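2 protein chains.
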Amino acid sequence: MDATHLRVGVLGCGNVGGALVRLLVVDRERIAARTGTRLEVGAVAVRSLARDRDVPVPEGRLTTDAAAVVVDPEIDIVVELMGGIEPARTLILAALKAGKPVVTANKELIANCGAELWEAAANAGVDLLFEAAVAGGIPLIRPLRESLAGEHIRRVMGIVNGTTNFILSKMSDGGASYHDALAEAQSLGYAERDPTADVEGFDAAAKAAIIANVAFGARVVAGDVYREGISGITEIDIAVARRLGYVIKLLAIVEQPDSDVGPVGVRVHPTMIPATHPLAAVRDSYNAVFVEGDAVGDLMLHGRGAGGMPTASAVLGDLLDACHNLGIGAAGRSVALREVPLRPIDDVRSAYYLNLVVADRPGVLRAVAEVFANHSVSVRSMEQEGAESEASGADLGARLVFITHRAVERDVQACLSDLHHLDVVREIGSLIRVIGAA
Amino acid sequence: MDATHLRVGVLGCGNVGGALVRLLVVDRERIAARTGTRLEVGAVAVRSLARDRDVPVPEGRLTTDAAAVVVDPEIDIVVELMGGIEPARTLILAALKAGKPVVTANKELIANCGAELWEAAANAGVDLLFEAAVAGGIPLIRPLRESLAGEHIRRVMGIVNGTTNFILSKMSDGGASYHDALAEAQSLGYAERDPTADVEGFDAAAKAAIIANVAFGARVVAGDVYREGISGITEIDIAVARRLGYVIKLLAIVEQPDSDVGPVGVRVHPTMIPATHPLAAVRDSYNAVFVEGDAVGDLMLHGRGAGGMPTASAVLGDLLDACHNLGIGAAGRSVALREVPLRPIDDVRSAYYLNLVVADRPGVLRAVAEVFANHSVSVRSMEQEGAESEASGADLGARLVFITHRAVERDVQACLSDLHHLDVVREIGSLIRVIGAA
Numbered sequence: 001m002d003a004t005h006l007r008v009g010v011l012g013c014g015n016v017g018g019a020l021v022r023l024l025v026v027d028r029e030r031i032a033a034r035t036g037t038r039l040e041v042g043a044v045a046v047r048s049l050a051r052d053r054d055v056p057v058p059e060g061r062l063t064t065d066a067a068a069v070v071v072d073p074e075i076d077i078v079v080e081l082m083g084g085i086e087p088a089r090t091l092i093l094a095a096l097k098a099g100k101p102v103v104t105a106n107k108e109l110i111a112n113c114g115a116e117l118w119e120a121a122a123n124a125g126v127d128l129l130f131e132a133a134v135a136g137g138i139p140l141i142r143p144l145r146e147s148l149a150g151e152h153i154r155r156v157m158g159i160v161n162g163t164t165n166f167i168l169s170k171m172s173d174g175g176a177s178y179h180d181a182l183a184e185a186q187s188l189g190y191a192e193r194d195p196t197a198d199v200e201g202f203d204a205a206a207k208a209a210i211i212a213n214v215a216f217g218a219r220v221v222a223g224d225v226y227r228e229g230i231s232g233i234t235e236i237d238i239a240v241a242r243r244l245g246y247v248i249k250l251l252a253i254v255e256q257p258d259s260d261v262g263p264v265g266v267r268v269h270p271t272m273i274p275a276t277h278p279l280a281a282v283r284d285s286y287n288a289v290f291v292e293g294d295a296v297g298d299l300m301l302h303g304r305g306a307g308g309m310p311t312a313s314a315v316l317g318d319l320l321d322a323c324h325n326l327g328i329g330a331a332g333r334s335v336a337l338r339e340v341p342l343r344p345i346d347d348v349r350s351a352y353y354l355n356l357v358v359a360d361r362p363g364v365l366r367a368v369a370e371v372f373a374n375h376s377v378s379v380r381s382m383e384q385e386g387a388e389s390e391a392s393g394a395d396l397g398a399r400l401v402f403i404t405h406r407a408v409e410r411d412v413q414a415c416l417s418d419l420h421h422l423d424v425v426r427e428i429g430s431l432i433r434v435i436g437a438a
Numbered sequence: 001m002d003a004t005h006l007r008v009g010v011l012g013c014g015n016v017g018g019a020l021v022r023l024l025v026v027d028r029e030r031i032a033a034r035t036g037t038r039l040e041v042g043a044v045a046v047r048s049l050a051r052d053r054d055v056p057v058p059e060g061r062l063t064t065d066a067a068a069v070v071v072d073p074e075i076d077i078v079v080e081l082m083g084g085i086e087p088a089r090t091l092i093l094a095a096l097k098a099g100k101p102v103v104t105a106n107k108e109l110i111a112n113c114g115a116e117l118w119e120a121a122a123n124a125g126v127d128l129l130f131e132a133a134v135a136g137g138i139p140l141i142r143p144l145r146e147s148l149a150g151e152h153i154r155r156v157m158g159i160v161n162g163t164t165n166f167i168l169s170k171m172s173d174g175g176a177s178y179h180d181a182l183a184e185a186q187s188l189g190y191a192e193r194d195p196t197a198d199v200e201g202f203d204a205a206a207k208a209a210i211i212a213n214v215a216f217g218a219r220v221v222a223g224d225v226y227r228e229g230i231s232g233i234t235e236i237d238i239a240v241a242r243r244l245g246y247v248i249k250l251l252a253i254v255e256q257p258d259s260d261v262g263p264v265g266v267r268v269h270p271t272m273i274p275a276t277h278p279l280a281a282v283r284d285s286y287n288a289v290f291v292e293g294d295a296v297g298d299l300m301l302h303g304r305g306a307g308g309m310p311t312a313s314a315v316l317g318d319l320l321d322a323c324h325n326l327g328i329g330a331a332g333r334s335v336a337l338r339e340v341p342l343r344p345i346d347d348v349r350s351a352y353y354l355n356l357v358v359a360d361r362p363g364v365l366r367a368v369a370e371v372f373a374n375h376s377v378s379v380r381s382m383e384q385e386g387a388e389s390e391a392s393g394a395d396l397g398a399r400l401v402f403i404t405h406r407a408v409e410r411d412v413q414a415c416l417s418d419l420h421h422l423d424v425v426r427e428i429g430s431l432i433r434v435i436g437a438a
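Respectively, the protein sequence lines represent chains W and V. If you count the first sequence from 1, position 98 lands on 98 in this note's numbering, and the numbers rise without skipping. If you count the second sequence from 1, position 312 lands on 312 in this note's numbering, and the numbers rise without skipping.
Bear in mind the hints are in silico, worked out from the structure with no lab data behind them. All values reported here derive from a predicted model rather than from experimental measurement. Warning: the hint list may mix true and false statements.
Now the stretches of chain W that chain V is said to cover, found in silico as 3 or more residues with beta-carbon under 8 Å [as the list claims (entries may be wrong)]:
1) 27 to 34
2) 139 to 152
3) 296 to 302
4) 305 to 317
Ideal Cβ positions, reconstructed from N, Cα and C, are used throughout, including at glycine.
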């Protein structure tokens, strides 16, 4: 094998695959001049040859036989951009077994089968790289795995889903309702017709699991991640948050606050963060990841988390890394996982925002306050959001907005359960965790 | 050599050296558990053994003989944290020649002698790593060299000097004068007693040269960088910028706008950027680097650019990288430089902010406008900053603030020269380049 001239087998030619092929073909000379490596598109495996593609695939390189590509001795390195667990998993395992490094952007696969794939790569002595699987074009995985390899990371908080950040930005900056913002995201192609994977946090949860793998070495899969989406966030929540100096973001949070052998918490939920926090300024469909380390302090990496070209750029960076390693006949550092206890959501300590509609009559606040007190949840601030009684005198109820001091989730949930049974409570609105409250 | 147990020779035990030794000693077990590499402090070379140090240097490892450390067969890897060009350069060359990888945080050395050192490292087949030389704890060099190795980067703009960002933040957010903000920076230890290297942009210029090396492969040294500092920025400039929707930041700008073989511009100067630009939100002594690439789009990396622990964290990341490479008997990718034409500051195209004090009488604006017109500089907006004539009728002059459309620096400088000769012009204030103007 001539490590300065390598043939790439690309599996999948959708949005990212097409962008990668375009980069490899159009920028071939520039990349070769800059890096000393000539990358040739050796094969592009697709589901159907019939489909019309606006992608400059070299003559005769399109095939429907992905299984042949991964074992083809003419192919030096495999890029998997099909998405989904199968057949991607089987194809990657076959490629690794055949001694070919693999680059993938497949978050679902890595978040569910990472341990198996990394082990297969280590056994084969080749690279399995996946920078593009989290936060698209943002260099995140490499900084976490290499630059911060010796750092005791306490917490990583990420805006890792562009669709939900777009929706929340439209709600915060433009005053849109959730449904209008979602419809706009769909019309712009940021959200799918069925938006569940994005808005209910499944996509972010998969990325949280991968962050837990690489930043904490924790053996975690997507299903281990506590998850809440943004479909319950109302215009009232957004408006109240703003008035209190906060912004609501869907965050993937991975933390190990106590020590590096203590329990790791991995969760995705809407979060109120101070409007002055660097993550609060991350707008539209941008992604950003905020890292808090013992030595390094606070870091933030910000950029395009999705889209064909940004994601293809991350894949290309991995490809060039794998080529360098092929040239020296060695693999880069593997991902080593260990069993660490997971912190259940019930044990998480946080401040909370809670909004209730209650009967508008004397004694109600006392009754609600008693519930908080019974569960040792201490209230930091309470506001009544304008009594809603009409001129007619009909009691439409009053909205009470609470921010608690830091409390244990279990106790806050017990409060909610008691509040449900309180006859003066008409409606229990959003419960949103608050980070960075004084 | 046992690559899982390596002895580190540390040259220099000041702020960063002390923090690194502390990390290596205190976190030894944690780092070994996490990475599989046991790093031992083999030697710490200092200028004087007499000085009292609050650093847990292992018994008997302190020495004044740095030259012996770099050739000591008991030392596997050398970390240079002395700063300055000599003797750091000679020691690093000796270490490389002895086959030892070197990690350095020495921006001055890399910005002046990078080409020689990288060549020496490549010849020796070992690593010379320098993540900590630019933007302290922020992973920047590795993402630029590796993640973005295939990217056509068009521009990098960085806030890479924490002292000046602190001063400008105090002026912008707190309304402080330059001198008061500088005094506060000095009292907090952010600025030296002689602040020249920071406030006149020498520190940022060295970092700009290194960015040009790694992001563009351009053979550039610190002295090639066009440089202006912040000591001429007035409270009026800050206030006018704010009213126009801008923030003033000292930026290191490296760009290659035309093509990847076109001229590279490398410069450091105060810059007006829109208040909505991500760099505008970088406050206090934080650093951030904004990267614009063809495929990846806009990226920003944000964090602590200085300080013992953040910088030591970056050094530790490099150390672990070098250890991995020692273990596989190979070096990472070297920095390959090429001759590229530099774009002289005279050829740069930019919008400009210019502020003049002129006589407060009819016809003055016409005279000034004629100068702009004569040099093909088109004015986008002009404001008169309140006529300053007193009730007494004495003509104290009027302040005119111009923002130009994009123009060529040479033409703008020719305007300034003509304006100097115009008798209605009493004072020529700041000329500040504007980025992101419509």
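Are at least 3 residues of the region 139 to 152 of chain W within less than 8 Å of chain V when you compare beta carbons?
holds (count 10)
Report holds or violated for chain V covering the region 27 to 34 of chain W, Cβ cut-off 8 Å, minimum 3 residues.
holds (count 5)
With a C-beta cutoff of 8 Å, work out whether three or more residues of the region 305 to 317 of chain W approach chain V closely enough for the coverage to hold.
holds (count 8)
Can the region 296 to 302 of chain W be counted as covered by chain V under the rule of three residues or more with Cβ-Cβ separation shorter than 8 Å?
With 7 residues close enough to chain V, the hint holds.
In terms of the numbered hints stated before, the structure departs from none.
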